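Asker: Listed below are the residues making up each chain.
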Amino acid sequence: MSIDNLTKNSAPESTDLSEKERKKLEKRRAKQEKYYTSSQWQLMGRKLLKHKLALISFIILALLYMGAIFANFIAPQGLEDFSATYSNAPPSKIHYVHDGKLIGPFVYDLEISYDKFLNKIFLENTEKPYKIDFLVKGSSYKLFGFIKSDLHLFGINNSELPQGKDKINVMIFGADQLGRDLFSRILIGSKVSLTVPLIGTLMSFILAVFIGGISGYYGGFIDTVIQRIIEVISSFPTLPLWMALSAAIPPGISVVKVFVFITLIMSLLSWPGLARTVRSKFLSLKKEDYVMAARLAGVSDAKIIIKHLVPGFMSYLIVSLTLGIPGMILGETSMSFLGLGMRAPATSWGVLLQECQSISNIANCTWKLIPVLFVGLAVLAFNFLGDGLRDAADPYK
Amino acid sequence: MDKWRYIAKRLMLAFFTLLMITFVVFFVIQLPPGDFVDSLVTDMVAQGETVTAVDIANLRTMYKVDRPFIVQYTDWLGGIVTGDWGTSFYYNQSVLVKIGETLGATLMISLITLVITYLIAIPIAIYSAKHQYSIGDYAFTFIGFIGMAVPHFLLAILLMYLSYKWTGKPIMGLFPEGGITSWAAFLDFLKRLIIPTIVISMSGTCGLIRSVRAQLLDEQEKPYILCTRAKGVSEKTITYKYEMRAVINPIVSGLGGMISGIFNGSTITAIVLMLPTQGPILLKALQSQDVYLSGGILLISATLVVIGTLISDLLLAVLDPRIKFLEESK
Chain A
1 MSIDNLTKNS APESTDLSEK ERKKLEKRRA KQEKYYTSSQ WQLMGRKLLK
51 HKLALISFII LALLYMGAIF ANFIAPQGLE DFSATYSNAP PSKIHYVHDG
101 KLIGPFVYDL EISYDKFLNK IFLENTEKPY KIDFLVKGSS YKLFGFIKSD
151 LHLFGINNSE LPQGKDKINV MIFGADQLGR DLFSRILIGS KVSLTVPLIG
201 TLMSFILAVF IGGISGYYGG FIDTVIQRII EVISSFPTLP LWMALSAAIP
251 PGISVVKVFV FITLIMSLLS WPGLARTVRS KFLSLKKEDY VMAARLAGVS
301 DAKIIIKHLV PGFMSYLIVS LTLGIPGMIL GETSMSFLGL GMRAPATSWG
351 VLLQECQSIS NIANCTWKLI PVLFVGLAVL AFNFLGDGLR DAADPYK
Chain B
398 MDKWRYIAKR LMLAFFTLLM ITFVVFFVIQ LPPGDFVDSL VTDMVAQGET
448 VTAVDIANLR TMYKVDRPFI VQYTDWLGGI VTGDWGTSFY YNQSVLVKIG
498 ETLGATLMIS LITLVITYLI AIPIAIYSAK HQYSIGDYAF TFIGFIGMAV
548 PHFLLAILLM YLSYKWTGKP IMGLFPEGGI TSWAAFLDFL KRLIIPTIVI
598 SMSGTCGLIR SVRAQLLDEQ EKPYILCTRA KGVSEKTITY KYEMRAVINP
648 IVSGLGGMIS GIFNGSTITA IVLMLPTQGP ILLKALQSQD VYLSGGILLI
698 SATLVVIGTL ISDLLLAVLD PRIKFLEESK
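So the protein lines, in turn, are chains A and B. Residue numbering for the first sequence follows the numbering used here, beginning at 1 and increasing consecutively. Residue numbering for the second sequence follows the numbering used here, beginning at 398 and increasing consecutively.
Hints were generated in silico from the structure; no laboratory data involved. Hints are supplied without guarantee of correctness; some may be wrong.
Taking beta-carbon pairs under 7 Å as the criterion, some of the chain A residues facing chain B (in silico) [unchecked claim]: (1) Glu231; (2) Val232; (3) Phe236; (4) Thr238; (5) Pro240; (6) Ala244; (7) Ala247; (8) Ala248; (9) Val260; (10) Leu330; (11) Thr333; (12) Phe337; (13) Cys356; (14) Gly376; (15) Leu380.
Sample of chain A residues lacking proximity to chain B, with all beta carbon distances greater than 12 Å (derived) [claimed, not checked]: (16) Gln42; (17) Ile59; (18) His98; (19) Lys101; (20) Ser254; (21) Lys307.
Keep in mind that this is a model prediction, so the values were computed, not measured. For glycine and all other residues, C-beta sits at the position ideal for the given N, C-alpha and C.
The following block holds chain A by itself, in its conformation from the complex:
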């Protein structure tokens, strides 16, 4: 700041510089000053903003997580809604023109008939259009778990339907075997599929810093024991061990407990790799002079680890954390797909894909593969974001 003031005060004397040029110079100087005084995290942020792929990935992830947070509001259907009529219905065709008149987006009612092989055929009944409204009342839900509401972002107002008639639904991704809207279920499932990896990574992060820290800081016998344990755990192929541990989740317990168990299993098996990194970083950092100085000053071990050592490689850890999330997403999806993960009534992307286990299902209802796109998108986005973070973690490069 002092430099800025100086230039301002001395400005009238330098008459050979035009006002415009002077301002430009001042701006550049301020920018330079900001660069040299900015913290490591600010530098990382600047670098990350320049990495286009990482930025796009970040936006995609933000959208996915927003979708998960407001899932029940955005989804036209609730978790428990189903409809026999719409069983295996293809994605709704959204029309705009009825009888030559433009009346905005609407859908037609579906009529069911069977061909000679008894395959279900869906035909549109073009007599009456059903308009897609915004903010319609539907099944009730609790936003964030405590705000009660029955408002949905979009849907069809079914309140004027004659008694006994099945509800009309708009299903932009089609329906599953029980006539549930796939779009709604993808959103509601993302609540599980996107939070298990985050919480699991956080837990394995804490475990890794704690165990790896002890191992690297104290060394000696404890180090040897921890290293052996890590070696044993990483000798197991993860998936079979995941399967065995998931099979140990007792049947008939609440959805929340299943969620906690799965997250625990994920993190229990993923900390060793990270702990190794933490250990090697500790080994190199603990020889630094400033650590010795802190120790001489009588700082406790715990404080040295948390205040002086961990910040030294935090950026590095965050990169490996981000790159570890995709594995957890795939892990949770695989487990649920095999029926060893989340169970009904809860849903996740893996649960949705269970229907894809039979080939006839895929052949006749290709839309059931749509959750794959979401899995792939999330995994790719985390990978690219991790790559961007890795480049950004080295700001002077």
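Given chain A, put chain B in place with the hints provided.
Answerer: Only chain B this time, still in chain A's reference frame:
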């Protein structure tokens, strides 16, 4: 002499790791609440039989599930060493026999995938590194990312669906009916091998391409390469004689992880494609709480990973003399 000490040390470590693995395996398979007798009794009741408390107690003694954990563990471990891996309750067969039925197919698939992974990944990685930022490099990088992002089982399903679309019937299983007796049957077998190999080797190949490419790019920057090039050594010699030598270390040391990854992939792929390997049996064993069978399969797969790591350690000691120094300086 040093070499032998290094090898002996590695062997000791591997043995110790295996011992710990047996403990972890037994602990994990004992975790589920209830035991095999419980699920047996539930089945019997479901079929309308009356089961008394005495019957249950008798069953427990018969299946030896009523003793303390550590006794059961030492018993089991003793059996493992002497070749008696217990009886699979579900299949009513010796565990070793049941595993033996599928071990051949499992090992064959794993080996084929392993070889194919290296055969495909290394040339592509060299090409990508030598033509950095070319169209080919971008294409391979892109495919590599997709390959890592799509879960195994989905790739398996998609390829199965495509095979169904193109050939009219889905290609499932591994061996043609009646076994491989003729040339035509062998060709059929090869055809059935295509999808599993692609699916299982996909993520490993993509990972290997990425790491080898990055390693090669790092190596290219080093001053000694510049020096060799300035001396007029041909580009080919630089690549294969100098740079590849530096890249061999990470390739070989990744062997254990590669085998582990192949087991991950083959387990779930086999379940989807109904291959006669350990995957489907493991799932069945876990679902029916057939502890000795699932324990045996877990133990075998972990053992193979340990052996893979051991082989890569020994290979490294031969290939890379620096390892010895690294060991000493630790």
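Asker: State for each hint whether it applies.
Answerer: Results for each hint:
no.: 1; hint: Glu231; in the structure: 6 Å, holds
no.: 2; hint: Val232; in the structure: 4 Å, holds
no.: 3; hint: Phe236; in the structure: 5 Å, holds
no.: 4; hint: Thr238; in the structure: 6 Å, holds
no.: 5; hint: Pro240; in the structure: 6 Å, holds
no.: 6; hint: Ala244; in the structure: 5 Å, holds
no.: 7; hint: Ala247; in the structure: 4 Å, holds
no.: 8; hint: Ala248; in the structure: 4 Å, holds
no.: 9; hint: Val260; in the structure: 16 Å, violated
no.: 10; hint: Leu330; in the structure: 5 Å, holds
no.: 11; hint: Thr333; in the structure: 6 Å, holds
no.: 12; hint: Phe337; in the structure: 6 Å, holds
no.: 13; hint: Cys356; in the structure: 5 Å, holds
no.: 14; hint: Gly376; in the structure: 5 Å, holds
no.: 15; hint: Leu380; in the structure: 5 Å, holds
no.: 16; hint: Gln42; in the structure: 28 Å, holds
no.: 17; hint: Ile59; in the structure: 18 Å, holds
no.: 18; hint: His98; in the structure: 36 Å, holds
no.: 19; hint: Lys101; in the structure: 41 Å, holds
no.: 20; hint: Ser254; in the structure: 15 Å, holds
no.: 21; hint: Lys307; in the structure: 28 Å, holds
Checked against the numbered hints above, the structure violates only hint 9.
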